[in-house]
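Protein sequence lines, in the order shown, are assigned to chains A and B.
Numbers in our numbering are just positions in the first sequence, counted from 1, shifted up by 2.
Numbers in our numbering are just positions in the second sequence, counted from 1, shifted up by 2.
It is worth saying that the hints were derived from the structure and are not from the lab.
Incorrect hints may have been included.
[Stated by the list, open to error] Negatives, chain A to chain B, calculated, CB over 12 Å:
id	residue
1	Arg48
2	Gly124
3	Glu257
[To be verified] Computed footprint of chain A on chain B; a stretch qualifies when at least three of its residues, placed anywhere within it, have a C-beta under 8 Å from a C-beta of chain A:
id	stretch
4	300-310
5	324-330
Quantities reported herein were computed from a predicted structural model and do not represent experimental measurements.
Beta carbons: idealized from backbone N, C-alpha and C, even for Gly.
There are 2 protein chains.
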Amino acid sequence: MSATVSPLAPKSYPDMPAVRGVSMSTASAGIKYKNRTDVLMMVFDRPASVAGVFTKSKCPSAPVDFCRANLPHGVARGVVVNSGNANAFTGKKGRESTALTAKSAAQALGCGENEIYLASTGVIGEPLDATKFSGVLADMANSATGDFWLEAAKAIMTTDTYPKVATRSAEIGGVKVTINGIAKGAGMIAPDMATMLSFVVTDADIAPAALQALLSGSVEATFNSITVDSDTSTSDTLMLFATGAASADGQSRIETADDAALASFRVALADLLKDLALQVVRDGEGARKMLEITVTGAESDAAAKRIGLSIANSPLVKTAVAGEDANWGRVVMAVGKSGEMADRDRLAIWFGDVRVAVDGERDPDYSEAAATAVMKQEDIPLKVEIGLGNGKATVWTCDLTKEYVAINGDYRS
Amino acid sequence: MSATVSPLAPKSYPDMPAVRGVSMSTASAGIKYKNRTDVLMMVFDRPASVAGVFTKSKCPSAPVDFCRANLPHGVARGVVVNSGNANAFTGKKGRESTALTAKSAAQALGCGENEIYLASTGVIGEPLDATKFSGVLADMANSATGDFWLEAAKAIMTTDTYPKVATRSAEIGGVKVTINGIAKGAGMIAPDMATMLSFVVTDADIAPAALQALLSGSVEATFNSITVDSDTSTSDTLMLFATGAASADGQSRIETADDAALASFRVALADLLKDLALQVVRDGEGARKMLEITVTGAESDAAAKRIGLSIANSPLVKTAVAGEDANWGRVVMAVGKSGEMADRDRLAIWFGDVRVAVDGERDPDYSEAAATAVMKQEDIPLKVEIGLGNGKATVWTCDLTKEYVAINGDYRS
Chain A
3 MSATVSPLAP KSYPDMPAVR GVSMSTASAG IKYKNRTDVL MMVFDRPASV AGVFTKSKCP
63 SAPVDFCRAN LPHGVARGVV VNSGNANAFT GKKGRESTAL TAKSAAQALG CGENEIYLAS
123 TGVIGEPLDA TKFSGVLADM ANSATGDFWL EAAKAIMTTD TYPKVATRSA EIGGVKVTIN
183 GIAKGAGMIA PDMATMLSFV VTDADIAPAA LQALLSGSVE ATFNSITVDS DTSTSDTLML
243 FATGAASADG QSRIETADDA ALASFRVALA DLLKDLALQV VRDGEGARKM LEITVTGAES
303 DAAAKRIGLS IANSPLVKTA VAGEDANWGR VVMAVGKSGE MADRDRLAIW FGDVRVAVDG
363 ERDPDYSEAA ATAVMKQEDI PLKVEIGLGN GKATVWTCDL TKEYVAINGD YRS
Chain B
3 MSATVSPLAP KSYPDMPAVR GVSMSTASAG IKYKNRTDVL MMVFDRPASV AGVFTKSKCP
63 SAPVDFCRAN LPHGVARGVV VNSGNANAFT GKKGRESTAL TAKSAAQALG CGENEIYLAS
123 TGVIGEPLDA TKFSGVLADM ANSATGDFWL EAAKAIMTTD TYPKVATRSA EIGGVKVTIN
183 GIAKGAGMIA PDMATMLSFV VTDADIAPAA LQALLSGSVE ATFNSITVDS DTSTSDTLML
243 FATGAASADG QSRIETADDA ALASFRVALA DLLKDLALQV VRDGEGARKM LEITVTGAES
303 DAAAKRIGLS IANSPLVKTA VAGEDANWGR VVMAVGKSGE MADRDRLAIW FGDVRVAVDG
363 ERDPDYSEAA ATAVMKQEDI PLKVEIGLGN GKATVWTCDL TKEYVAINGD YRS
């Protein structure tokens with residue numbers, strides 16, 4: 003947790019309503035941080051449907067292995083998350099640590115260990131001493147309350163400068179349902195995964211397979227379209243739980259993701275995931291500006307996304323944004339290195355509404371002053387038209403500042 | 003050209019012998035920089051064999067297009083290089099600029115325009131006014147001298163903090179030949195290409211096809227194994243010229259690259275290219291340390307190289323090196339995100355001779371003090387054993403410092 007809050011932080015937090023069927027509590031176990039909470043427990047009143055997407059890293063953390071093994075079971079009774087230690091690359095000790103945590107949580111909740119989900123975030127390679135919190139899980143379960151989302155978001159922060167929460171409502175078959183989510187960043191953030199940690203809960207009644215399809219279908223344009231530093235974490239975990247409490251209001255259980263009754267829910271879920279994903283980018287380590295990159299006219303949507311990420315991950319583009327320099331030459335470079343088809347003589351580039359390049363050269367009507375005015379904004383839209391096809395994609399990133407270097411030259415994360 | 007020379011700069015420059023058959027001159031055209039040379043002309047006494055490798059960018063500069071078109075002709079009489087403007091993404095104006103330069107150079111040297119090679123480095127997207135130097139090419143050709151390598155290297159610098167030169171000798175059929183080279187960096191440097199600009203000349207007598215095979219065969223383990231910032235330039239150009247002057251000493255012309263007489267030359271060329279490539283890394287923008295990454299035990303050499311580059315391009319690894327932090331957890335992360343096969347429980351990592359991780363966890367005998375001592379060195383060897391096969395590769399990079407951000411937040415390159 004940094005002393006200085008990102009200038010891109012939300013100006014206010016939404017009122018987070020309780021989601022029926024889930025309660026939470028936090029604890030201060032002193033795993034790494036002092037004077038703050040570092041353990042979160044989520045408790046489901048009855049078995050909740052569960053879906054998850056995880057890092058594609060070939061060296062995933064022990065909790066990621068643990069969650070993947072439990073996921074086919076499809077139901078969850080509890081979640082335990084700690085910050086300060088990622089329990090990654092910890093070998094046999096790491097597996098012992100997840101086993102102890104799961105056993106303690108299952109005893110506290112009176113459920114099977116395969117109904118427990120775990121996540122850890124923080125330093126890689128240090129053994130995680132789960133005895134620091136395994137003994138308090140029973141107390142945490144007993145004291146869990148529903149109106150605790152902002153505190154839950156705080157307990158999972160590492161280098162984040164603000165907690166990340168979002169809420170949406172939707173209707174399924176005329177019954178109102180709520181979706182709440184929390185997330186944490188703020189470095190080692192790259193797509194092709196979920197982000198580091200995010201937990202979303204709804205009171206809707208949706209079967210596990212449908213829930214997984216909904217989640218997998220929403221992640222590509224949200225969490226998988228953000229990047230802070232191109233570095234994919236060993237711990238990336240995005241989970242979606244459905245408590246089913248809305249069935250008490252007459253919501254019929256949804257069995258398949260193509261059910262027409264999900265129209266409103268699907269939109270709300272995608273909107274919430276995008277909200278959380280953008281909050282992660284806006285708290286990227288050292289971030290002072292957010293860049294929204296829209297690529298159009300590529301050969302395919304996938305090609306557009308690769309071009310977008312090539313731009314978003316370019317240190318030279320990101321430092322130019324930090325320097326408020328409308329340096330579109332570096333955008334050309336990043337398009338060129340993406341490996342996707344591009345025709346220099348058809349390329350056009352806009353910062354905001356200012357077209358800076360067209361037909362393979364500087365726009366003859368280009369105004370440096372107008373482009374510079376765009377670069378002075380906190381939120382900078384960049385549009386690149388490739389001119390070859392109909393593929394399009396939008397990705398988001400932040401600038402690369404001296405503070406990113408300072409944070410990561412000092413902090414062993 | 004920066005006021006502060008990289009701490010990793012060579013302590014001294016080699017005496018660069020003249021290479022028979024080539025002479026050079028420089029001029030100050032004021033293209034962007036003041037009070038320094040910014041145009042280099044190389045003149046070959048008689049048609050020299052030529053080979054080249056160029057950026058794989060889909061948006062190459064006008065000079066790259068020009069060189070590629072001439073290369074099948076196979077012989078060169080002159081080279082014109084300017085710094086301060088890359089003549090990239092300059093559309094029709096860019097082609098007019100290369101045409102004017104080539105025409106002026108060909109007139110000055112009394113040769114065809116298809117015997118002229120061009121390169122430009124500097125800002126992208128600004129039209130290059132070739133009239134600033136096209137008028138002086140005849141004078142430059144007349145005043146060219148052979149003993150001018152260091153000055154030639156200085157004229158092509160942009161954000162480089164020191165000129166990069168190297169020389170080697172070899173023998174072909176008992177006849178001594180010389181190879182001299184110059185290069186420039188220092189940002190927008192990533193493999194999958196040559197680096198930005200490098201020109202190498204030998205007095206050996208080697209046919210163009212053989213010369214190209216020699217160059218292409220040497221680039222993968224040298225220039226294509228370095229990265230400063232993962233950003234591939236639009237202008238990357240590495241050219242090798244053979245004047246053939248050694249034929250006066252009785253060297254028989256080499257027609258094919260598999261000629262056994264090339265054994266010594268091949269080693270010398272690879273060694274010279276590696277020397278120049280490492281000089282580029284050591285002058286990476288803001289660099290304070292060089293990291294040599296050796297990956298062993300991967301599924302293939304190509305897999306080892308991709309893992310090595312994943313580590314070398316990771317901002318989190320590079321900032322840890324800047325912070326002198328033996329943060330091997332970030333190395334695990336970078337191995338995991340490379341997409342190549344890796345087994346967490348077989349991975350081992352060394353900084354220098356200090357094994358920090360083994361068998362999927364921290365080395366039980368790991369000494370933080372010993373690892374930190376390695377990190378305080380200017381040159382840091384990092385070894386990663388994957389434990390799966392026999393693939394191996396070595397790549398080089400520099401650290402990511404606040405100075406990189408400062409240089410690229412201010413400089414429109």
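### Task
Find the nearest Cβ of chain B to the Cβ of Gly124/A and say whether that gap is larger than 12 Å.
Check fails; 10 Å does not lie beyond 12 Å.
In terms of Cβ atoms, is chain B entirely out of 12 Å range of Arg48/A? Correct as stated: the minimum Cβ-Cβ distance to chain B is 36 Å, above 12 Å.
- Consistency of the no-contact label for Glu257/A, given chain B and a CB cut of 12 Å: Label holds. Min Cβ-Cβ 35 Å, cutoff 12 Å.
For this session: State whether the coverage of the stretch 300-310 of chain B by chain A holds or is violated, taking the criterion as 3 or more residues with Cβ-Cβ distances under 8 Å.
Result: With 0 residues in contact (Cβ-Cβ under 8 Å with chain A), the coverage given for the stretch 300-310 of chain B is violated.
Worksheet item: Within the stretch 324-330 of chain B, is the number of residues with a Cβ closer than 8 Å to a Cβ of chain A three or more?
Response: With 5 residues close enough to chain A, the hint holds.
Comparing the model with each earlier hint shows violations of hints 2 and 4; every other hint is respected.
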